[in-house]
Each structure stands twice: as C-alpha cells, then as structure tokens.
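Number of protein chains: 2
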Amino acid sequence: MASAVEELGQRARDASRVLASASTVVKNTALLAAADLLVDRGPEILDANAGDLAAAERDGLKGAALDRLRLDDSRLEAMAAGLRQVAALPDPIGEVLDGTRRPNGLDIQRVRVPLGVVAIIYENRPNVTSDAAGICLKSGNAALLRGSSSALESNRVVAGLLREGAVKAGLPADAVILVDDAAHETAVEVMQLDEYVDCLIPRGGPSLIQSIHDNATVPVIIDGDGNCHVYVDAAADLDVALDIVFNAKTNRPGVCNAAESLVVHRDVAEAFVPRVASALVEAGVELRGDEPSRLLHPMGTATDDDYAREFLGLEMSVAVVADLESAIEHVNRFSTGHTEAIVTRDLDAARRFTREVDAGVVIVNASTRFTDGERFGFGAEIGTSTQKLHARGPMGLRELTTYKYLVWGDGQIVQ
Amino acid sequence: MASAVEELGQRARDASRVLASASTVVKNTALLAAADLLVDRGPEILDANAGDLAAAERDGLKGAALDRLRLDDSRLEAMAAGLRQVAALPDPIGEVLDGTRRPNGLDIQRVRVPLGVVAIIYENRPNVTSDAAGICLKSGNAALLRGSSSALESNRVVAGLLREGAVKAGLPADAVILVDDAAHETAVEVMQLDEYVDCLIPRGGPSLIQSIHDNATVPVIIDGDGNCHVYVDAAADLDVALDIVFNAKTNRPGVCNAAESLVVHRDVAEAFVPRVASALVEAGVELRGDEPSRLLHPMGTATDDDYAREFLGLEMSVAVVADLESAIEHVNRFSTGHTEAIVTRDLDAARRFTREVDAGVVIVNASTRFTDGERFGFGAEIGTSTQKLHARGPMGLRELTTYKYLVWGDGQIVQ
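In order, the protein sequences belong to chains B and Z.
Under the working numbering, think of the first position of the first sequence as 1440, with each following residue one higher.
Under the working numbering, think of the first position of the second sequence as 1440, with each following residue one higher.
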C-alpha cells in the first residue's frame, strides 16, 4: 500500500503532466490569482501564523528564528509581489535550445521542458511556500513542499490559496502540494520518492544537508555553503580592494554570498592588511590570520578549520600568499564552490584566476555579494547551487527545467 | 588514513585542475598520441587480453560475454579511430553560453567548463576504457575508470597507454586513472568519493544500477533502460508504420533504443495488427498482447509486467488503444524515459504526442533506433541518460561539462 507521502507524490506527478503543457497565459493567471488571494485572505493567513508563533514561543523559539516565522501585512504584500513578478517573467518552457537537420533528413530539436515534480524541503519561513510554489508553477513543474512543523498552520493556508489560484486558472489544485505532516519521517520519505520526484532542492542548514546526504535517493540540487574568498592581488587598486572586502564581509554577514576569507598577495600585504584590518575591526569583525598577517595587525591565529569555515557572522580568516598561483591553490583548497573574487588591475592575473578557480561564480573587481538571482537579473531565485551537475550558481526559472529531443522524420529507418 | 581508492580520487582531482585549463591543441595531441600507441603497442594489449580471455574461459564465461571481452587488431584499430574522431571534434570548453551587462555595469558571462573528475564504472568491454577516457579528456575532465575484474589485464595496458599519451602532450598521467583493483568494494568506494568525483556514469546492467541506487552518494547520471514504444496512430501511413515498427524491433533487438512495445489506435488495428504481427513473427519475434490484439492475431497474453519490460530480445508487447489520449497515457505509464515514437500524418496528433510524452527523445515517423550520439551527430557518445537532471537523451562531449559564471566589474559593491 502506498504511504500518505507516496500518494502525494503520485498526485504531484499527475498534476505535473498537465502543467507541462499548460500555456503561459494559464500559468500566469494562476500566479496572479494566488497573489490576489494572499492579499484578500491575509487575515486568515495571519490568524494561522499567530497560532504557529504562539506554539513556537511556547517551544522556546526566540529572536531571529521566531522572526523568520512571523508574517505581517508587509510580508504578505511582498509574497504577493513575488508571485506577480514571477508572472511577469518570460516563460522558459518551449524554448528551442538548438537543432540540426541530419544528412538523412531527420530534423532534431532540443526543446526546454519542465523537470516534472520539484520537491522543496525547507525550514521555518512560510514565505518560502509561496516563493517556491510560484517559481515551480511558472516553470511548469508541480511543487511538492515540505516545510517545518513550526510553520505548518501558516503553510497550510498559504499552500491552500496557491491551490485555489491554480484551480481558478483551470489547472489542477495538485500543482501545489504541501506535505501536511511535518514529522521527521515525512522529510525522509520525500527524499526517497524515486518514482515521483524529479528533483529535490533542500533549503536549510547543515543538519538538513546531512540528512539529504544520508537518505536521499532522488536527484538533488544542493543549495550549499559559501566559504567565499576575496583575493587582493599584487596589482590591486587598494582603495577598490578595501571597499570590496569591507562590503563583502560586512554588508550582510549572515548570508551565503558574504566573504569569509581574505587572501592577500605578499607584495601588498604591508600596505593593505593593516588598513583593511582596522576598518573591519572597527565594524566589529574578528580576524584570524596566519603568521605574516598577524605580524601586520593584531589578530587571532587561523587554523585550517578557520580557513574552511563559513562563519556566517562577523569573523574573517586572513592569509598572505607568495603569488597568484598560491592564491589560487589556497582558494581551491578551501572553496565550497560558491563565489570567489579577485581584486586586480592585471589582465593576466584576472584571466588566470577566472580560469583556474573552480567555483560557480568567479568575480573580478566586485563584491561577492552580487551572487544572487535577483542581482544576476533572473527576476526570481530558488537558491544557489554549489554542485556542478545540472545547475551551478544562482538558480532561477531556467534551472528548474530540462530538455527533450524531438525528432521529426518521414519514415526513416536504421540500415 | 586515505584508502587506496581515495588516493586515486585525490590524484584525479589534482589532474583535473590542470586539464580544466589545458588548450585544445594539447588535449588533441594527447588523444592522437594515445591512438598511435594503441596501434603500435597492439601486441602488448592483445597479450594482456589473451590472459584475461583465458582466465574468463576458466571461470566459465562464454558466448556474447566472452566476445565482448575479446580484442583483436580490428577492434584496436576501431579504438584508435575513436580517439582520432574525438580529437577532430570541436572543443566544448570555453564556449560562452550567454551573458549580460547589468544596469550597474557588471558584465556577467556564463562559460562552459569541465565537470572535473568523471568516474565511469563499466563492465567487461575493454574498449570502453579508451572510449570513455578519450571523451573525458577532450572535455577537460579527469577520468576515473573502474572496469570489471575479467578485463583487468587488458584495461591496465590500455589505460597505461592513454596515460602515456597524456604525458607526451605535457598533461599529467593522472588525466586517466584506472582503479587497479576490481574487488566489489572498490566500485562502492568510487560511488562514495564525494570529495573527488563530480559525476559518476555507470555503464552496466540492472545489478550495477541497483548498487548505484543503494550505495552512491556522488552525483550520478543514469544510463538507463529503454522500454521504447512505437505508437501507430489512426492517421498513420501503415506502410511507413510497418517499416518503422519492424526496424525498431528487429534491427538490433539487444540494445536500449530497440522498440519493446507496439501501441495501435483501434481505428487502424484491424488493418495493421495482423500485417505487422505476421512480419514480426516471421522474423522470430514473440508477441504478447491485450484482448483486442489477440483477437486480430494469435499471440500470448500481455501482463502489466510485460508492458513494463525491456525485453532486449525478440519479444514485443502489443496494446490497442481507443484514442491518442489513451496512447499517451499508456506510453507515459510504462515509459522508462528513453525513446518514444509516434507514426502519424496528423499534425495535431504529432504535436500533442511530442508535447505530452515524457521522455528524453520523442520521435515522429522514424525508428526508435535513431536515439544515439553518433546518429544525432555528436561524433562520440558516453551513454544515453534516462534521468532529467543535467543531461537527457544521448550524451556527448557537451554533456560532460558544466558552466561557471564570470563577473567582471570595476569596483562595484552592494548598497
């Protein structure tokens, strides 16, 4: 007998068949209807959210975690605006990626199609429910959503309104399915829905990623850590370097595209390290460096663990390197494949760094904070992939698609 | 302590860094040098192969399995020719896939780069050693090869010559690494080399695929089964349909793009089923059908298991359906996502079938046997993906690549 989660997977798959050939107009209608519902039925959502908040407070949730769970009128407006923005984006489905005519007269086209069923496992922000469902719907995928137990009441109402929006447009309600049971086991069940889930995108911390590693058998795109480096080259403009390092570290230290590590060419270390260190320390950043850095400014000692760590806070590791090659080696050794930056005026150095550093995004003379679907112009983002298969870097609508080959003939057979 | 396989993974990763920025000329030099070595040192390979064959015969290997293991001068020539053909193909690396200038002046480019380390686990054909290594090398990837124990001596010599070819071109020998121990455990170790393997492509039968499912933690592209259907529509040209069904089933029944199932619209069933059944039965094909098919021609009864089965031999399931919609439903229910074909002169039917059938390749009015890298014009093939993530359908050089974003600025920071 199929389990409850398996039945949801099956329903999502059935809905995905319909979504795959839904027109852009119909999908947009569903998104706009859902946006209106989020606003019109706001009180209903806020009621449910109040219940979640009260339960979470009883369970001892506080501070930022509690704040992430909270919805209010302006957050509902933002969720609705997000759906409208996705509706306004071009539809990726049906794009002919390339094509050829073969010598035997066969015409072959590679056409962009939806993945099918996209599962998202996420933590306690209820706005992910509408953001993720909206992006899936626009890209022609059924969304199988599994949020946290703390947000279950809020998610139920939000997902229900997205389903209503789908139905208003003539799409199946099951275009959006919330796993209505946030027991730990249901997450693992979703990770193993091989027959029904075409792609799973986990959005959460290290314990979720570990559980994916241990349990997932469906295809996964990891939205991973960002141990991002800024390398200040011998040929850097040091004023530019100061701005970039300061921005990359302090603009929003808690996110994955914030810089965690500063690497400085020894030829400019004496001029740059004391200057950048003073500015960072003044902004509350705690530095940990190698021997040469510590001779230039007082700071703690960095271990390999520090160099490998995504601090997600006001801490930064510092390393002084002998040359560009050592910089690239250091970066590749500790990189998580998210974003790496070089500051230089030397074209050869820039070309070599961009070629040899192995990361989703390699930036020359700008802040690591630019790695973001919005800032890249995608209009919507579902995460940043740190793996190499399928999608790398910021993921928008296009990254939730695959392709199929269409072959048109007039009776060709193989001799 | 790192295990032996882990050390190989590490070495492959180190080599992959060099390969990633190797020029096309250097990579081609390595391929051509290896091709020459395969011919010049042919006797050495055949000696090793004779040892493998003798041991395999002692172990009771026979027939087609023994033949797959066998090398001779013409097979060595074919392996060398394969490497020369790959050398002649355009280099996929460095292609700019797309790019934009953002309002703040940042230039963003998406550039094609190698995956890094590609692992291939394969069965007893020693020619896969050079074919796979050649495709990996041309696409800038290090190849970590794990062949079967029966071909170990042959693989050692072939991989050794590919390594020699790499060194002759100034590339690291570790561009090609053979796991020199074909104990069962080493395959599982390769499947779990998370730190070093960017993509694993298994090439083998159901037991290998099951082991991948149970053990693999690295990203995998499944080269899966092909339960391919040919649907003969109400508006089919029945002469064309006869040729296509006959070709798709009998041209080479043992391969994944052979047809396994015939689906016929009831309006043409009376005219078509007896005709095609006679031709197929005459060619030695055993048919199994549903009630309506069996009324039109004597054949066994098809169960759902038969409809789901990739026979890989002279057997075929037959179903008669009421309309196009039922045909699409039947195909999507039993499809393995490989190749599905329709025979029709009706444009609406063709458009609907190509849109709604969920498979890597959907063919109109031609044989399913065309799903193949060579026949698609890729010049080389490493398998046919039946999954949706990353690559779908026949995989050539391009499918062994990923991309990275390069961002060029002049001091931009995030406000």
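FYI, nobody ran anything at the bench for these hints, they're computed from the structure.
Just to be clear, a hint being listed does not mean it is correct.
As the list makes no split between identical chains, a pair holds if one copy fits it or if it spans any two.
[Stated by the list, open to error] Once the Cα atoms are required to be at most 25 Å apart in a straight line, the calculated SDA-like pairs of lysine to any residue come out as:
#1 Lys1607 x Asp1633
#2 Lys1607 x Arg1794
#3 Lys1607 x Gly1521
#4 Lys1607 x Ala1494
From the Cα coordinates, with 25 Å as the cut-off, is the pair Lys1607 and Ala1494 best called within, between, both, or neither? neither (33 Å within a copy, 68 Å between copies)
If the cutoff is 25 Å on CA atoms, where do Lys1607 and Arg1794 land: within, between, both or neither? Let me know, please. between (49 Å within a copy, 24 Å between copies)
How would you label the pair Lys1607, Gly1521 (within, between, both, or neither) given a Cα cut-off of 25 Å? Classified as within: same-chain Cα gap 19 Å, cross-chain 56 Å, threshold 25 Å.
Is it within, between, both, or neither for Lys1607 and Asp1633, if the alpha carbons may be no more than 25 Å apart? Neither. Shortest intra-copy (31 Å) and inter-copy (45 Å) distances fail the 25 Å Cα cut-off.
Of the numbered hints listed earlier, those contradicted by the structure are 1 and 4.
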